[in-house]
Amino acid sequence: MTPVVPVLALHEVTHQYPGGVVALERVSLTLHPGEFVALVGPSGCGKSTLLSLLAGLTTPAAGRVSSVVRSPGELGMVFQDPTLMPWASVAENIALPLRLMGRPARDIADRIAEAVQQVGLAGFESSLPAELSGGMRMRVAIARALVTRPRLLLMDEPFAALDELTRERMNEQLLALWRDLGITCAFVTHSLYEAVFLATRVLVMAPRPGRIIADVPVPAGYPRGDAWRADAAFAALRGELAAQLRQGAEVASP
Amino acid sequence: MNGKLIPASGLRWLAPLGLGVVALLAWEVGVRIAAVPVFVLPAPSRILVAGVESAPLLLSSAGYTLRLTLMAFLAAVAGGVLIAVMFTGSRLIEAALYPYAVVLQVTPVVAIAPLVLIWVGVDNASTAVVLLAWIVAFFPVLSNMTLGLRAVDPGLRALFRLYGGSRWQEVWRLRLPAALPYLLSAMKVSAGLSLVGVVVAEFVAGSGTSPGLAWRIIEAGNRLQTPRMFAALLLLAAIGVGVFAVLSWLERRLLARWHDSAR
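These protein sequence lines are chains A and B, in that order. For the first sequence, position 98 (counting from the first letter as 1) is numbered 98 according to this note's numbering, and the numbering increases by one without interruption. For the second sequence, position 125 (counting from the first letter as 1) is numbered 125 according to this note's numbering, and the numbering increases by one without interruption.
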């Protein structure tokens, strides 16, 4: 078997906030092609900083980031808030990455149609964000991240603000998209439930300083649905991860 | 009366209108009963007559004042937006220029008028008036627009960086639309200040042949033609209200669908 080139890797990355507080200490992680990696941890463990480093939006103080995705558009990002332009229509919001990349107008129209189809927003192209529900706004943000056909999708607690029912439906649809498109996903969440449902692998983080304390594979196949949520292995894994989280927090507190 | 309540939208127009009619009637009757001299307080009917009699003169003066107000206003909007965009592009330019903009703003325009008049020449009173009104009107646009161009969602800025958006794209696609609500509210203030500036500047810079409404007021005052003075004042108020109404309409139209302030 030939060694698989990772999509993205952090080697012993340390990062500090301007005040000198260590946000991340000697963090190493590897994202392999086609993986769905969930990052879980309590608030303040540097999850968002880690994602920002992966996206190349932040440069680490020490350590190395190696990546095969370097040109804009190969990497899509979804933030905690939908972060849409409130004055622009759904279609214009989705088109933004392509416009910034200077793509010709013909391609843009086709790509918008494709992305709108993927997230199930057909018919809402000319709506404004204020006219949509929270879940639909998040769909627009996901369509915007997918419109460039990225190899890697980074998501920062995208469904945290949604009600539980909507979140579960979005989880299932996200998995379907991930499988269809064959992309690599890194997904930050504070919900173990969500992490175990979605991921092929869960990384557990601990705070002060932010670091990865466990790397737990999820032994379940896809497609996943309510059967997996009700499975005994699901609950067991959740319990195990919860214990890891608690332990990490105890070590950190004086 | 059919016993139905007046709908809220009707009330919005009927209430002030009714109050106005009652006040005018009280004014008319009061002035007549107390036999107030016409040069102190003319009855509304006298003002109406004076207004109709000198309509051609007053209307052409109003046209002049409106034209100068719009010129100063448009220059203020253009200048304020342009300088604010420059400020966003460079902190250095902002640091260097902003204190002077403040100095220009806080110096009473009446005090600068004689100087400006010397510079542009007494024959160019109109230019002096527009320039002075511009000085008064441009600051709200500058300060609001500077604020608005900065009030940008940090997530969206990160997104622009992620996709390699240029600075120009960031200004054009992100900062300018985000600043639009700030600009529109500044425009309403600025339009009112333009009119104030034009009137005050004409008081100071105008002379015997000055064609604006401000000078009509001075002229009528000197001749104790108080009814005509009131008529000129009324026209000034009408210009102010008209400009404000147009801008409010524009604001609602442009922001109605997406901005909280207009919903």
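Worth double-checking, as some hints may not be accurate.
To be verified - Restraint ranges, calculated between C-beta atoms of paired labels, are given here:
1) B:R150 x A:S126: 47 to 55 Å
2) B:A95 x A:P18: 18 to 26 Å
3) B:I93 x A:P42: 39 to 47 Å
4) B:I93 x A:R246: 22 to 30 Å
5) A:D110 x B:G10: 50 to 58 Å
6) B:V22 x A:L165: 37 to 45 Å
7) B:R253 x A:T30: 28 to 36 Å
8) A:S127 x B:A55: 23 to 31 Å
9) B:I93 x A:R103: 28 to 36 Å
Hints are computed from structural coordinates only; laboratory data are not their basis. Even for Gly, the Cβ is constructed at its ideal location relative to N, Cα and C.
Each hint tested on the structure:
1. B:R150 x A:S126: 47 to 55 Å: At roughly 30 Å between Cβ atoms, S126 of chain A and R150 of chain B fall outside 47 to 55 Å, so the hint is violated.
2. B:A95 x A:P18: 18 to 26 Å: Since the Cβ atoms of A95 of chain B and P18 of chain A sit about 21 Å apart, the hinted range of 18 to 26 Å holds.
3. B:I93 x A:P42: 39 to 47 Å: 44 Å, holds
4. B:I93 x A:R246: 22 to 30 Å: 54 Å, violated
5. A:D110 x B:G10: 50 to 58 Å: For G10 of chain B against D110 of chain A, whose Cβ atoms are near 51 Å apart, the range 50 to 58 Å holds.
6. B:V22 x A:L165: 37 to 45 Å: 59 Å, violated
7. B:R253 x A:T30: 28 to 36 Å: 53 Å, violated
8. A:S127 x B:A55: 23 to 31 Å: 51 Å, violated
9. B:I93 x A:R103: 28 to 36 Å: 33 Å, holds
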